[in-house]
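Quick mapping for you: the protein sequence lines, in order, are chains A and B.
Every position in the first sequence, counted from 1, becomes a number in my numbering once 220 is added.
Every position in the second sequence, counted from 1, becomes a number in my numbering once 220 is added.
Treat each hint with caution, since some may be false.
The list makes no distinction among identical chains, and a pair is therefore deemed to hold if it is satisfied within one copy or across any two copies.
Said to hold, decoys possible - With a straight-line cut-off of 20 Å between C-alpha atoms, the simulated SDA-like cross-links for lysine to any residue are:
1. 535 x 222
2. 551 x 431
3. 633 x 590
4. 240 x 569
5. 383 x 257
6. 507 x 636
7. 530 x 485
8. 640 x 469
9. 507 x 335
10. 312 x 565
11. 535 x 481
12. 339 x 387
13. 507 x 487
14. 240 x 257
Derived by calculation from the structure, the hints in this document are not laboratory data.
In this text, all values refer to a predicted model and were calculated from it rather than measured experimentally.
There are 2 protein chains.
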Amino acid sequence: MRLWPLSNDIKSKQFIKIFKRSDGEYESMIQRVYAGLRKLECGADITIATSKSQVSLIHNQLGCDVSVCVEPCRRDTFPAIVLATAYLHDVKGIAEDEVAVVCPVDPYVESDYFDALEKLGALAAAGGANLVLMGIEPTYPSEKYGYIIPTGREPVSGAEAFKEKPDAETAREYIKNGALWNGGVFAYKLGYVLSKAHELIDFEGYEDLYEKYGELEKISFDYAVVEKESRIQVMRFAGQWKDLGTWNTLTEAMGECFVGPAMLDETCSNVHVVNELDVPIVCMGLKDAVVSASPQGILVSDKERSGYIKPYVEKTDRKVMFAEKSWGDYKVIDVGQDSLTIKVTLKPGQKMNYHSHSRRDEVWTVIHGEGRVVIDGEARLVGVGDVVNMPAGCKHTIEALTELNVIEVQLGKDIDVRDKVKSKGGSDEEA
Amino acid sequence: MRLWPLSNDIKSKQFIKIFKRSDGEYESMIQRVYAGLRKLECGADITIATSKSQVSLIHNQLGCDVSVCVEPCRRDTFPAIVLATAYLHDVKGIAEDEVAVVCPVDPYVESDYFDALEKLGALAAAGGANLVLMGIEPTYPSEKYGYIIPTGREPVSGAEAFKEKPDAETAREYIKNGALWNGGVFAYKLGYVLSKAHELIDFEGYEDLYEKYGELEKISFDYAVVEKESRIQVMRFAGQWKDLGTWNTLTEAMGECFVGPAMLDETCSNVHVVNELDVPIVCMGLKDAVVSASPQGILVSDKERSGYIKPYVEKTDRKVMFAEKSWGDYKVIDVGQDSLTIKVTLKPGQKMNYHSHSRRDEVWTVIHGEGRVVIDGEARLVGVGDVVNMPAGCKHTIEALTELNVIEVQLGKDIDVRDKVKSKGGSDEEA
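Chain A extracted, bound-state conformation:
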């Protein structure tokens, strides 16, 4: 929400495409991290632990063959890491003495970070400790992070204590004495976490744990495991590691001053523009400002002030105005009294689930590409200019034979994304 209007209730900051790749395309934080991990020489096997609501987005941005461990609901980090570890062992068949390295995709990092992850894994494999933590060299006395107090200043040391979110004064003291940020990056052998899990949770294996997931206690991995473990190592990391949680920090990491159609006059200074609309943004005479536009809204803010956006976003209409799905994406282009018009883009070869709506009619007009629709069991090919009528209750799906753009008009009272009934059939295989 703090990166509104680019983030909304279903798209969080990890998915905002804001970083320019060498080929000129833009990528998101999760795409950067995934690409960085895939380049590692050790050929790490990557699994993404995430909540249900993010799976479509992950498939959209990383491809449909990425390995995903889905949390059926939100618990805390201990249940999440146990579930992912059980998934690696029971579903992917990875042995108990193999090493897992856990890293969040939130922080902005560079290539040295991935090398450090590899070292972290090697330390865990060597078996000198049950848990190997990455300790990040602090760049300022943050009040938001947890601190690790290491036993010494050598590259790899033990951990003496863990301190949660101190005030700035205390943080400054910690840092003077060599304390490190706890970034939630650590490595362990699967067997270690599985045995800890069985001590604390009564479960058989992955399937059983998944079933019980909603009943598990909300408890952090730090609290349940890290702070109680004596066989622990801390590896110092001094490279780039930056939380891009606010517009102010996010724009610092942007390579150029704008993404999307924008013009800044020569009297603008320290201005960043991220424009996901098709219309141009013209900026003149601005200082220290961020300007961002999406189908969700438009933000114009002094960079320092941008951290205080939350109460204003809460006052806006929170209806989701754009989303990335596994099959492509959509954006709302008109909100009427009893209608909603959206532009749908399907990637070649992708298709929607076969579904129906109980309280709204829909009309598709194909504006680009070729596809195949199934309407109440009847398949037919569609191309530019073809119109498909789907009254409420009518089961429908569309599959893109080439990249496909469709204008979808939704008609009805109280149109709601949750009015969706999945159906069986409609295609050769289930989407």
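Dock chain B against the given chain A, drawing on the hints supplied.
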């Protein structure tokens, strides 16, 4: 163009709805002036002289029964005033000894201005001069205006000389000596301008003049008439009279700090927002700034800098993204590779011209209201959810029985507003 993105190639500043009426609705400059004139006790008969491209907009904003004298092409002010005067005399049958008062709709004025217009007309009727000019008390030594040097400082005097756009130094000198701005506001008896016209132009009456209009010399009324006339009076006017030609001056005249969906945090100061999009604009920590959004684009500018917008607007895509027509309005909601999707709003009882396109297909989906379409001569009623297909060449029109909203998908290569063929028929009477 200087008020981009609210103005575009077909909508000029006079039509931007930015002034809050007492009933809470917003009105444009032309609506303000028209309402002011209609309130005059003298019951002035109002005719609007304008170019062809503005007629739809005038009908949209002032109603379809407003009297309009259309210039078939752009000449200068002398031909325009002669044409309008001939229109009043020959078409509307107004006698030669009746008075016409000419006033531009550009400046921002208040009610005392309309009273002054009435006095100007009374002076012309009294016959003490052939021409009665309004001389506006300057508020600063502008380099953009023409100056009238009056023969004295009394409320009504003679004119000694006219000076075009002096430098600021000279303007300051003029003002010290009692000079006034020439705002192009003046009154005369129709017979006077008609006789001047016949001296300079060989024409029979209005119809003949209209036919010849394109061949007339481009010459200003000031140069052709005012500066050569010795029987002239100048009436001083000291009320509000402000050119709102830039964002900086326009926002000064706004009653509130925003129009349209917007939120400004408490750290904003001297910030104005005009938002014609449906999505909210959130402003935080801005100073002396103007923010404006329309389907044409988004402007974020320091107020002083906003006067330098022209070269940036010239670099944007100039395709017209919204327009007001006599029957309602439309806005572009999606631009595809070979498609354009627009939202059309028709006012109750209004209809489009019966027309066809030679190089594009169209699909209408009715999203609100009820109407009647005529497709290649066949009439039928349409309501919410009805879809109408119009391949290239198909003649079509739609009439609104209630307020009507339609999503129109245009499909074809090089879609252009000029691809429009008007047809006969299609309705009981021609639109």
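Structure-based check of each hint:
1. 535 x 222: Classified as within: same-chain Cα gap 13 Å, cross-chain 32 Å, threshold 20 Å.
2. 551 x 431: neither (35 Å within a copy, 51 Å between copies)
3. 633 x 590: Between. Shortest inter-copy distance 17 Å satisfies the 20 Å Cα cut-off; intra-copy 31 Å does not.
4. 240 x 569: Answer is neither; intra-copy 27 Å and inter-copy 52 Å both fail.
5. 383 x 257: neither (29 Å within a copy, 74 Å between copies)
6. 507 x 636: Neither way: residue 507 and residue 636 sit 40 Å apart in one copy and 39 Å across, limit 20 Å.
7. 530 x 485: between (30 Å within a copy, 11 Å between copies)
8. 640 x 469: Neither, since 38 Å and 51 Å both go past 20 Å.
9. 507 x 335: neither (38 Å within a copy, 45 Å between copies)
10. 312 x 565: Neither. Shortest intra-copy (33 Å) and inter-copy (57 Å) distances fail the 20 Å Cα cut-off.
11. 535 x 481: between (27 Å within a copy, 11 Å between copies)
12. 339 x 387: neither (32 Å within a copy, 73 Å between copies)
13. 507 x 487: Cα proximity of residue 507 and residue 487: in one copy and across copies (8 Å, 15 Å).
14. 240 x 257: Cα proximity of residue 240 and residue 257: one copy only (18 Å, versus 57 Å across).
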